[in-house]
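Novice: Given the coordinates of chain A, assemble chain B with the ligands onto it according to the supplied hints.
In order, the protein sequence lines correspond to chains A and B.
Heads up: the first sequence is residues 66 to 326, going by my numbering.
Heads up: the second sequence is residues 2 to 426, going by my numbering.
Misleading hints may appear alongside valid ones.
Taking lysine to any residue pairs in the SDA-like style, the calculated list, with each CA pair at most 25 Å apart, reads [what the hints assert, rightly or not]:
id, chain 1, residue 1, chain 2, residue 2
1, B, Lys-372, A, Tyr-155
2, B, Lys-65, B, Lys-133
3, B, Lys-393, B, Arg-321
4, A, Lys-68, A, Gly-212
5, B, Lys-201, B, Arg-52
6, B, Lys-393, A, Ser-241
7, A, Lys-186, B, Gln-390
8, B, Lys-46, B, Leu-354
9, B, Lys-372, A, Gly-161
10, A, Lys-218, B, Gly-283
11, B, Lys-393, A, Pro-120
12, B, Lys-393, A, Gly-212
13, B, Lys-393, A, Lys-279
Chain B is faced by these chain A residues, among others (derived, beta-carbon under 8 Å) [said to hold, decoys possible]:
id, residue
14, Ile-80
15, Met-117
16, Asp-142
17, Arg-146
18, Gln-154
19, Ala-157
20, Gly-161
21, Ala-165
Hints listed in this document are in silico derivations from the structure and should not be mistaken for laboratory results.
These figures come from a predicted structure and were not determined experimentally.
No residue lacks a Cβ here, since even glycine has one placed at the ideal position from N, Cα and C.
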Amino acid sequence: MAKPDFRVNDLRVNIDGKEILKGLNLHIQGGEIHAIMGPNGTGKSTLASALMGHPHYEVTGGSATLDGEDLLEMSVDERARAGLFLAMQYPAEVPGVSNANFIRQALNARLGEGNELPVLKFHRMLQEKMKALSIDPEFAERYLNEGFSGGEKKRNEILQMSMLEPRIAILDEIDSGLDIDALKIVANGVNSLRSENIGFLIITHYQRLLNYIKPDYVHVMMQGRIVRSGDATLAEELEAKGYDWLKAELGIEDETVGVEA
Amino acid sequence: MTELNTLSGQVHRVSSALGEPEWLLALREEAWKRFVEMPQPWIEKTDLSKRTWDTGTFSTDVEKVPQEVQAYVDGIEHSYALFVDGLLVDLKLTDEAKAAGVVYQTIHEGARLNGAVWRKHFGTVVATDESKWAALNAGLFVGGVFLHVPRNVQIEAPFETVYVWTGKEFGSYPRSLVVAEELSDIQYVETTFSSARDVKVASSHVLEVVAMPSSRVHVAAADEWHKGPTYFLTRRAKVEKDADVRWTVGDTSDGFGVETIENVLQGSGATGLIRVVGLGYGREHFELTASMKHVGRNTESEIVMHAALRDRANTIYRSRTEIVKGAVGAGSEQHDRMIMIDGTARADAIPMLLIDENDVNRCGHAASVGKIDPTQIYYLMSRGIPYAQAMKMIIWGYLSDSVDALPTAGVRDLVVERIERELGR
Ligand SMILES: Nc1ncnc2c1ncn2[C@@H]1O[C@H](COP(=O)(O)OP(=O)(O)OP(=O)(O)O)[C@@H](O)[C@H]1O
Ligand SMILES: [Mg+2]
Numbered sequence: 066m067a068k069p070d071f072r073v074n075d076l077r078v079n080i081d082g083k084e085i086l087k088g089l090n091l092h093i094q095g096g097e098i099h100a101i102m103g104p105n106g107t108g109k110s111t112l113a114s115a116l117m118g119h120p121h122y123e124v125t126g127g128s129a130t131l132d133g134e135d136l137l138e139m140s141v142d143e144r145a146r147a148g149l150f151l152a153m154q155y156p157a158e159v160p161g162v163s164n165a166n167f168i169r170q171a172l173n174a175r176l177g178e179g180n181e182l183p184v185l186k187f188h189r190m191l192q193e194k195m196k197a198l199s200i201d202p203e204f205a206e207r208y209l210n211e212g213f214s215g216g217e218k219k220r221n222e223i224l225q226m227s228m229l230e231p232r233i234a235i236l237d238e239i240d241s242g243l244d245i246d247a248l249k250i251v252a253n254g255v256n257s258l259r260s261e262n263i264g265f266l267i268i269t270h271y272q273r274l275l276n277y278i279k280p281d282y283v284h285v286m287m288q289g290r291i292v293r294s295g296d297a298t299l300a301e302e303l304e305a306k307g308y309d310w311l312k313a314e315l316g317i318e319d320e321t322v323g324v325e326a
Numbered sequence: 002m003t004e005l006n007t008l009s010g011q012v013h014r015v016s017s018a019l020g021e022p023e024w025l026l027a028l029r030e031e032a033w034k035r036f037v038e039m040p041q042p043w044i045e046k047t048d049l050s051k052r053t054w055d056t057g058t059f060s061t062d063v064e065k066v067p068q069e070v071q072a073y074v075d076g077i078e079h080s081y082a083l084f085v086d087g088l089l090v091d092l093k094l095t096d097e098a099k100a101a102g103v104v105y106q107t108i109h110e111g112a113r114l115n116g117a118v119w120r121k122h123f124g125t126v127v128a129t130d131e132s133k134w135a136a137l138n139a140g141l142f143v144g145g146v147f148l149h150v151p152r153n154v155q156i157e158a159p160f161e162t163v164y165v166w167t168g169k170e171f172g173s174y175p176r177s178l179v180v181a182e183e184l185s186d187i188q189y190v191e192t193t194f195s196s197a198r199d200v201k202v203a204s205s206h207v208l209e210v211v212a213m214p215s216s217r218v219h220v221a222a223a224d225e226w227h228k229g230p231t232y233f234l235t236r237r238a239k240v241e242k243d244a245d246v247r248w249t250v251g252d253t254s255d256g257f258g259v260e261t262i263e264n265v266l267q268g269s270g271a272t273g274l275i276r277v278v279g280l281g282y283g284r285e286h287f288e289l290t291a292s293m294k295h296v297g298r299n300t301e302s303e304i305v306m307h308a309a310l311r312d313r314a315n316t317i318y319r320s321r322t323e324i325v326k327g328a329v330g331a332g333s334e335q336h337d338r339m340i341m342i343d344g345t346a347r348a349d350a351i352p353m354l355l356i357d358e359n360d361v362n363r364c365g366h367a368a369s370v371g372k373i374d375p376t377q378i379y380y381l382m383s384r385g386i387p388y389a390q391a392m393k394m395i396i397w398g399y400l401s402d403s404v405d406a407l408p409t410a411g412v413r414d415l416v417v418e419r420i421e422r423e424l425g426r
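Next comes chain A alone, as it looks inside the complex (with noise of 0.2 Å):
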């Protein structure tokens, strides 16, 4: 299979009628490992949801894309299966649904009617996956997100990620909450997947995170599209000086998406 190509046109996004993305473009293909860093409420997770489909966000203008499909046109789990993973800043819990049984069911609909794995084969693997994440094995039958605390949440997101190898994996503050070891563990499932047939969109606010992901590509994203793009040193620069440089640079006061441009 070719490798990835998910490409971001101009998209344009509403939350309650309120424009909050203002044609935001980006282009990431397998193999490369992007960036998104911005102050609070500069629409990083408004353009994570409006990819994944979350049913709040409108589209009003722009073009999304994986290999040449329109994402637009999809419904969420469609999206999904066609290798768009999203690991949320906030997981839902789910009660009464057991962390293997979804894991499991989201996979076989993944691999398609006819190519479900066998259920010995499937918590092999589950078991594996995990034990490389330090997830405790009794978390194949917690419910899903149940009580986990914040940083379990984040580490059965990339739990789900390795389980499920999609194409396209955009990571919405998967550092958030996290504690040293804890990040350590996630940014090592995250290179651990690292090939050609992934292509990664890591949402932070923290160097630290991309110290142990090295980015190729940092973009920073202020009212609602990305302002400045550069490698892996402008994440560096922006932990040094923080945002106000760039503003000051950009002409921008207020970075948020309330103000118009």
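Specialist: Leaving out everything else, chain B with the ligands in the frame of chain A:
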């Protein structure tokens, strides 16, 4: 009064068809009189004004056992009784139960062959005059079992009464009496197969359970009430000292019904659990009261109800805890959760606490009614799971614990199949 005359004819018809002794006919006639005299009952959330009290005409013609039911019964390896429209078709008692001295026969045989025990307990748990429909049942009961478990007999394999209600126009009036003597331990199951009936009648089902000191009884039911008749269901256990009665009821209905499931925790140290799992659909109207009446000292109870509703179903689940004066040290918990799958469905979860005693150990209740959380659906779909499957997974997440509590694989499979049928369309 023509109603009394014409219908009291039914009482004679039933009694003579069953070859009953004089005393039983007298009991029926007295009950019938009470039924006719009692005023139209008022039920908080159920409008009976457009429902009939007609009963239809009793007949002794036995309809064929539907294939689905025969297949189900063929799979039963424990003791069972099969009734079609209240008429006994088949009854099997295991050697184990026979050897232990268990009596399992029709309620009618029970009256004839075990009159002493029968008369001692009949009507002591569900009194003839406690409601108009209880009186109706006592006047007209046809079908049901008399299960008598001797002292110190513990049998794990359940006794299962299977009811088939066909399209016949006569109402359904089964009545069962379970007497568990001291230290006994049993499971009793009622499984219902009914077809939608284009008949306007009032049906009334009664189950009385007497759990003597230190006995343990698990009562389970797989119910399915379809539209047509008005179904009144009264299921109650009297729980004596240190005895325990547990109920697990799986209900998948689109009919019109009013049900009470109750434990009267009579003796000190008596305990009980009522678990209901329901899936309402179509134009169901169902008002269910799960009730725990604490009378003895240091009694404990728990009520757990879960329902999911489709279409235009309207379901009212009331969990009621009553602690009477003198029932010191009582503990009780209620959990009640209902989900409306379709926007057209209606659910009411009503917790009731009636407490007349100051010395209460613990009394907790939680009730909630809601829709499926869209963020849960979104989350599951974001991993590639299609909407319909995501919805089913979330609903099963609510219901599966209670379904798992049903006592046999056969009943569990039946209830799972019925729920799947309604979720999957
Ligand atoms: N339901 C909503 N109605 C109105 N505005 C909303 C809604 N949800 C989000 N917003 C606004 O959209 C803007 C972008 O939010 P978003 O969550 O995308 O920011 P973010 O860049 O991810 O911020 P953070 O770094 O804090 O996670 C914010 O100003 C937020 O208040
Ligand atoms: Mg965010």
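Novice: All hints, please: hold or fail.
Specialist: Hint check:
no., hint, in the structure
1, Lys-372/B - Tyr-155/A, "20 Å, holds"
2, Lys-65/B - Lys-133/B, "32 Å, violated"
3, Lys-393/B - Arg-321/B, "30 Å, violated"
4, Lys-68/A - Gly-212/A, "38 Å, violated"
5, Lys-201/B - Arg-52/B, "8 Å, holds"
6, Lys-393/B - Ser-241/A, "32 Å, violated"
7, Lys-186/A - Gln-390/B, "23 Å, holds"
8, Lys-46/B - Leu-354/B, "18 Å, holds"
9, Lys-372/B - Gly-161/A, "16 Å, holds"
10, Lys-218/A - Gly-283/B, "39 Å, violated"
11, Lys-393/B - Pro-120/A, "19 Å, holds"
12, Lys-393/B - Gly-212/A, "22 Å, holds"
13, Lys-393/B - Lys-279/A, "41 Å, violated"
14, Ile-80, "15 Å, violated"
15, Met-117, "5 Å, holds"
16, Asp-142, "4 Å, holds"
17, Arg-146, "5 Å, holds"
18, Gln-154, "12 Å, violated"
19, Ala-157, "4 Å, holds"
20, Gly-161, "2 Å, holds"
21, Ala-165, "12 Å, violated"
Hint violations for this structure: numbers 2, 3, 4, 6, 10, 13, 14, 18 and 21, all remaining hints satisfied.
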